[in-house]
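Asks: Spelled out, the chains give:
There are 2 protein chains.
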Amino acid sequence: MRILYHQWLSPFCRKIRLILAEKDLAFELKEERVWDRRSDFLAMNPACQVPVLVDDEAPNETAVLADSTVIAEYLEEVYPQRLLIMGSPVERAEIRRLSAWFDGKFDEEVTRNLVGEKLMKRLLGLGGPSSEAIRAGLSNIHYHLDYIGYLCERRTWLGGDHLSLADLAAAAHLSCIDYIGNVPWDEHGDAKEWYARVKSRPSFRPLLADRMAGSAPPAHYADLDF
Amino acid sequence: MRILYHQWLSPFCRKIRLILAEKDLAFELKEERVWDRRSDFLAMNPACQVPVLVDDEAPNETAVLADSTVIAEYLEEVYPQRLLIMGSPVERAEIRRLSAWFDGKFDEEVTRNLVGEKLMKRLLGLGGPSSEAIRAGLSNIHYHLDYIGYLCERRTWLGGDHLSLADLAAAAHLSCIDYIGNVPWDEHGDAKEWYARVKSRPSFRPLLADRMAGSAPPAHYADLDF
Ligand SMILES: N[C@@H](CCC(=O)N[C@@H](CS)C(=O)NCC(=O)O)C(=O)O
Ligand SMILES: N[C@@H](CCC(=O)N[C@@H](CS)C(=O)NCC(=O)O)C(=O)O
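So the protein sequences, as listed, match chains A and Z. When you line the first sequence up against UniProt numbering, it's residues 1 to 226, in that order. When you line the second sequence up against UniProt numbering, it's residues 1 to 226, in that order.
Hints in this document: simulated from the structure, not taken from any laboratory. C-beta atoms are modelled at their ideal positions from N, C-alpha and C, and glycine is treated no differently. Mixed in with the good hints, there may be bad ones.
[Claimed, not checked] Below, simulated DSBU-like cross-link-like pairs (lysine-lysine); rule was C-alpha separation at most 30 Å, straight line:
id	chain 1	residue 1	chain 2	residue 2
1	Z	121	A	121
2	A	105	Z	105
3	Z	118	Z	105
4	A	105	Z	118
[Said to hold, decoys possible] Chain Z is faced by these chain A residues, among others (derived, beta-carbon under 7 Å):
id	residue
5	43
6	47
7	65
8	89
Please put together the full structure from these sequences, using the hints given.
Replies: And the structure:
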């Protein structure tokens, strides 16, 4: 059975969970306390980060894969039955650009400032959240939601005509922030409509059932009609 | 003619310059002062970062591409004559993992602390360098050079049997740090031997000729026999 080493509120891990589910690939989740720096885990990923995927159902060899962008490209190459980076090289570049936007800029400007400060710091015993960081995150999220709205006015899905890695990367981040109730959906109708479409996919259901010990999500988190 | 919008000491831009040269694709460099936030540049890349590649020699359409990882994948798809991400899906994943290692971890732990503090801050008028950041960068670089040495003991090139994107990504970062004279080559013989091999490639020559106004590199920077 494939194993995904993960953390519950890691957007990078959630992206891989969504990809695996969209491609209909069975897998088992193992929570990895990265901060313990387990030597067996370090041997799999010297960067000591989740996600790490162990794919023992690959055609030729058991594959041990680290880094969510790398894992996404690997899954696309080995399991192309259901494509998530599709189209011409230019169309594929656009899907990858948007995925990198959410995993890079959005992560730095929003996710780390909100999920990082409010949840991860507590989990890691790194002290209280910085109110300055939280303020920045709450402010930055608006222009990213506007950008999603802008894209949705022009396209069916973020990256083009089809649901793609771009939607999964974006929704993975937003789902983490939604878990702590910090997405101002009501001020961003277009982004909300897009998120409702992603959220209603079967691949999303397991994420909506996630519950972290000690912090329950708001009622609308799992509601498809939020 | 292809145009690469770039900054001289950006490791991400240098990586693309190396890829283009290895693939023997002609291009013109245009320096982009990203901090001016030019509206025509923002239209090409809303993230307002270099590198951006305009490929008007692509088979079907002029392509405007942002983000160095995205550009690397695009070039690999459109110009596969000389591959830089080669082999089985697992071998390709290893090359991508190492590229992500240098563009992610190395960048955060070393490049930003050294090139960012010493050169970019001055360029952007952001005040003096933080001595704490510089100390961290000078300390962190050792374990990364050890990692390069570890890989070279086991493989011909960082990612496997062939020169690949992994070598170009790593060398692009190290070349920026070498420009400011902060790579302790003499303490890391294996890494030095590997860098000498990359440095002697024709694709590397243009980088060794770079000179930033107001800061000359040390004498060994352009010396193949350093
Ligand atoms: N570039 C990596 C980033 C992964 C990442 O940042 N993972 C976090 C959890 S969200 C982690 O494991 N952090 C532990 C650490 O960096 O020590 C990817 O895309 O997989
Ligand atoms: N993930 C991007 C990072 C590019 C990047 O950080 N570029 C820097 C120069 S080294 C830049 O343009 N910074 C300007 C800014 O972020 O505003 C890539 O791989 O291309």
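Asks: Flag every earlier hint the structure violates by its number, smallest first.
Replies: Violated hint (a single one): 5; every other hint is consistent with the structure.
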